[in-house]
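Undergrad: Chains A and B supply the protein sequences, listed in that same order. Sequential numbering of the first sequence, starting at 1, is according to this note's numbering. Sequential numbering of the second sequence, starting at 1001, is according to this note's numbering.
Hints listed in this document are in silico derivations from the structure and should not be mistaken for laboratory results. Among the hints, erroneous ones may be present.
[Claimed, not checked] Chain A regions said to be covered by chain B (calculated; three or more residues, Cβ under 8 Å):
| # | stretch |
| --- | --- |
| 1 | 6 to 15 |
| 2 | 102 to 114 |
| 3 | 173 to 185 |
C-beta: ideal position from N, C-alpha, C; glycine also.
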Amino acid sequence: MLSETFLITLFLGAVMAGMPLLLAGLGEQLSERAGVLNIGLEGMMLAGAWAGFVAAWASGSAGLGFLAGAGAGLVVAAFMALFCVIMALNQIVVGIALVLAVQGLTALLHFVQFSQSYPRLDGMQAWAVPGLSQIPLLGPMLFSHNPVVWLGLALTAAMAFLYRQTNLGIALQAAGDRPAALDALGGNVTRLRVLTVLTTGALAGLGGAFMSVAVAGVFVPFMSHGNGFIAIVLAMLARGRPLWVLGGAFLFGASLSMTTALQVVGVNVPVDVIQMLPFAMVMLVLVLAGRKANLPAALGESFERGAR
Amino acid sequence: MKKMVTGSVSRMVMALALVLGGGWASAASAEEIDTIAIMAPEMGTDMGWNQQGVDAARAAAAAAGLEVIVAENLGYGDVRPVLRELIEDGADLVIGHAAGFNTAALEIGEEMGVPIAIADMPEKLSKGKVADYTGTGSDGAWLAGRLAAKMTRTGIVGIVVSGEPPSWNNMSVAFAEGVRAENPAIEVRYAVIGPAAYSDAAGGKRVAETVIASGADIIFGQGNGSSFGMLQAVETTPATDGGKAWFIDVIGDKSSIDKGHLLSSVVWDLTPIYSAMIADLQAGNYGTRNYDISLADDSLRLLKTDHIPADVWAELEALKADIVAGKITIAPKYDAASVHALVRAVE
């Protein structure tokens, strides 16, 4: 059973399951770094999944689908920015409201558009690294992936550089830890937070579009299936380190693949126990790594200039 | 005066009935029933469990001349407010079309005195109050197993489910038993997408692809929304022998969207069940029996598609006749342990 095809499928399954978490997790980390707890991430992913699928299906272009998904996530995030950053409303309440609203809206749109036809997309071609992708077993696993996978890896590196090497990274940290101090130094906390929330929305939307366009090839209501909330946990565990988001996302994806593999090979363990694996792994990481978790001091707090 | 006495007597009789019935409309009569309601966790357009329920409720209500209130896309959270609203809107029977609704439905039905229909809890049968319609689709799933065993090229078939509710366990067991009955050498591989992964289309595709990569060329999928991901997997992933992978669906009929990979489906038609519920309610017998689907009246059937060769279909028809005649019996098994034991058994 453990053929090359089976092992490659397992590995690629882990990558495909981890990628939406990586994109949404990187976005959430950005928001949190600037002090905004973006509970609406699940809604942004779902909006991206719907818009991405519609655009890819209508245009025949997966690339347009990904762009539309990012755009839809950004639109939902604009509401988050308006209500939470500009109007200073409660971030948790607004986030939950956005999730519920998007769930209802996308289910309704799906009902109107696709409930009789359920269109499905053709499979996407991977971008393969010439030469390296031909290596038996490892080649298809490591060097032949969807373009968004390469983008996600590049974004991880870019985020790490942004946080550690740039003034913007320092300003983001100040917006999350000491927004009043940033303001006193002439920084625009509100503008910075709005931009991070919008970027988060775009990344979460791209993650949702990846689910519908690249992974499932179909849109069904509620298909983000809690990935947004898992991404929030990953971002919190990662303590501001993009590489940890990458590791956590693929650890979760690998655990999902392992769950399937254990069932398929017929390991004599109750399925319920096997299915706990991904969540148990995350909890284990939480215990081992999260004890020293140091979230931004002003996370979740609204900023009003001049307010004490 | 006479009207006043009659009214007083009526009130006393009603009060007595309420006391004796514990507040339930156990002696409901025909003129008292004008509306039924159905609650579905997802949209009634999923070509599966939800659509079959909603369509059947509409058909049964129309046949009986009743109004129907459809509350769909409710998710799997707390449905108590919806239940109260449906009953306040006049529902004389509320069908909770998801096992996840059972606790709330039983509680609110008791509280507001309206009969409730539930699934997957047959032991809750209670006169005038509760009836269950856990579908034992096992006869149909057994036939699907025979079909899969006849059609597989690789000698491996897969079962992919998005959860392990009793009715699905029952069909998984029956499918595996059908496969073994046809050819004990055929291997059955089983995978659950995740806990309550009913709408996880991406997970459905990922898991189905993995099962196909392990050698299965036929996937028997139970999954609500996630089954569209499974269908996508068989459409985009060739079997390990390079040939076409097939999908056998359950409950609904996806033939209108088939791209050439839908081998069959174990179709449930719940209309006879809901019609029987309405009739029993009108006769004052509601809650004295549970309800089921059957090959005999075509409320349970195997979907015939052009992909099934005529000789294979003829053999399946003969097997169906034997089941209806009682020559073949498939014992329902609702627990997940029965599924796991069967799919791990090595012949």
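Undergrad: Indicate, hint by hint, whether the structure satisfies it.
TA: Structure-based check of all given hints:
With a threshold of 8 Å between beta carbons, the proposed coverage of the stretch 6 to 15 of chain A by chain B holds, since 5 of its residues qualify and at least three are required. Check result for the stretch 102 to 114 of chain A against chain B: holds, 5 residues qualifying (beta carbon to beta carbon below 8 Å, three or more required). Figure legend: the stretch 173 to 185 of chain A, annotated as covered by chain B; annotation inconsistent (0 residues with Cβ-Cβ distances under 8 Å, at least 3 required).
The structure fails to meet hint 3 from the earlier list, while all remaining hints are met.
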